[in-house]
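Undergrad: If you want the building blocks of each chain, they are given just below.
There are 2 protein chains.
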Amino acid sequence: MPTMDTKTALLNSAEHAARTLGFDGFSYADLAEDVGIRKASIHHHFPSKAKLSVALMQRYHQNFEANCAAISGNHGTGGTQLSQLIKLYRAASGNGKQLCLCVSFSASRDSLPPGVIEQISMFREMVIAWLTDFFEKGSMDGSISNVADPALEAVATLSLLEGAQLAARSEENPRFFDEAVKLLGMRITA
Amino acid sequence: MPTMDTKTALLNSAEHAARTLGFDGFSYADLAEDVGIRKASIHHHFPSKAKLSVALMQRYHQNFEANCAAISGNHGTGGTQLSQLIKLYRAASGNGKQLCLCVSFSASRDSLPPGVIEQISMFREMVIAWLTDFFEKGSMDGSISNVADPALEAVATLSLLEGAQLAARSEENPRFFDEAVKLLGMRITA
DNA sequence: TACGACCTACCTACTGATAGGTAGGTTTAA
DNA sequence: TTAAACCTACCTATCAGTAGGTAGGTCGTA
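Residue numbers (the working numbering), protein chains in the order written: chain A, 31 to 220; chain B, 31 to 220.
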């Protein structure tokens, strides 16, 4: 098994910590212990915690967008695409052990640099764009019922998904996510 | 104007700080400065930050429940009651400057004592019960359209409201809350 | 009434731990 | 050799909290 480069290991560790404990809830000491280098060495890769948050959000955005593009490319109807995106959010909640980075950062947004607030904003816009696309497709191909306005559906769905993650995280139980999105799921007919 | 007792002033200050910055984002020093006593004196009223969080959640639950009961008592149709509750959540987001305590605490739940996690769970159950009541009324009196299952509607709506707060908080703009709940609003006919 | 005991609510001084970070040096791999 | 990546040693600042004390108020009893 190839050894991961330290910077990536740090990003993985930091993402996991941020999504589990929040931005204010983890420290460089946690990352150092996890990755196996000294706390002070982290500054070589990330000169400040703020800079680390920038890199985290950037990477998260890219990965998530790639996942959405994959869903769009691999699944035929708007309904299945929406269903896959719901699954993506469910998976991101890590069985109630984590939140997606966007949610986690939003709750402590005052601790973050302005650039990251911008990134969070763009992340939400990106997800809403994909959701709007899926709702439009689903409305036209009939795989999502009662689509009044795809753009408004998209915005509401994103809030629903984020709120569902919060509930699951609070209870450390994915069943709370499932219950929150059940009605939405019933509107989807593959 | 009567002088507020110190304990209440501390609770107010702590609630504001927790809902703005998160549990890990504020410290006793912030409260001390706000209330005008020394940091160490806070321990007289709240021996630990964990105990403070217990008191905060208890008070928040009581206040919120009283607000829901008032809505139920003062407004006639299920639709207007639901509409008022949505307004309550919007108001709690403080024009994008705050989150409701439940959301704020959920995001850093690992920093909280187990009892508070229980309290958060009960808070959500309480809100869901009220929402279920409002949806049932709205379904029967015709003031909320397309109510498939009041209990599921309630759960989804709570997640929607919490997610909407996150979006508004992240952007520091209540317009994002409004947009997220727009479709729900359209289902209400006074 | 007066005084002692007790309480409440604050203080100063301090603790040990931890936070993010700096600076200079060493090690490792290409 | 050189640069990246690590190290040690340390910094300032801050954290939640402890310990002992003061001051003013209240209560009970003689």
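Because the hints were derived from the structure by calculation, they are not lab data.
One or more of the hints may lead you astray.
[As the list claims (entries may be wrong)] SDA-like, lysine to any residue: derived pairs with alpha carbons at most 25 Å apart:
1. B:Lys79 to B:Ser151
2. A:Lys79 to B:Lys127
3. B:Lys81 to A:Thr38
4. B:Lys37 to B:Ser71
5. A:Lys212 to B:Lys81
6. A:Lys212 to B:Met216
7. A:Lys37 to A:Ile101
8. B:Lys127 to B:Glu45
9. A:Lys212 to B:Lys127
10. B:Lys79 to B:Ser169
11. A:Lys79 to B:Asp140
12. A:Lys127 to A:Thr38
13. A:Lys212 to B:Glu45
14. A:Lys127 to A:Tyr58
15. B:Lys117 to A:Pro180
16. B:Lys127 to A:Pro180
17. B:Lys81 to A:Glu202
18. B:Lys79 to B:Ala62
19. A:Lys212 to B:Ile218
[Unchecked claim] Derived Cβ-Cβ restraints for the label pairs, each shown as a range:
20. B:Pro143 to A:Ala59: 36 to 46 Å
21. B:Asn104 to A:Pro143: 41 to 51 Å
22. B:Ala178 to A:Ala99: 27 to 37 Å
23. B:Ser78 to A:Lys81: 40 to 50 Å
Glycine included, C-beta positions come from ideal geometry on N, C-alpha and C.
Undergrad: I'd like to know which numbered hints this structure contradicts. Please list them from smallest to largest.
TA: 3, 5, 7, 9, 10, 13, 16, 20 and 23
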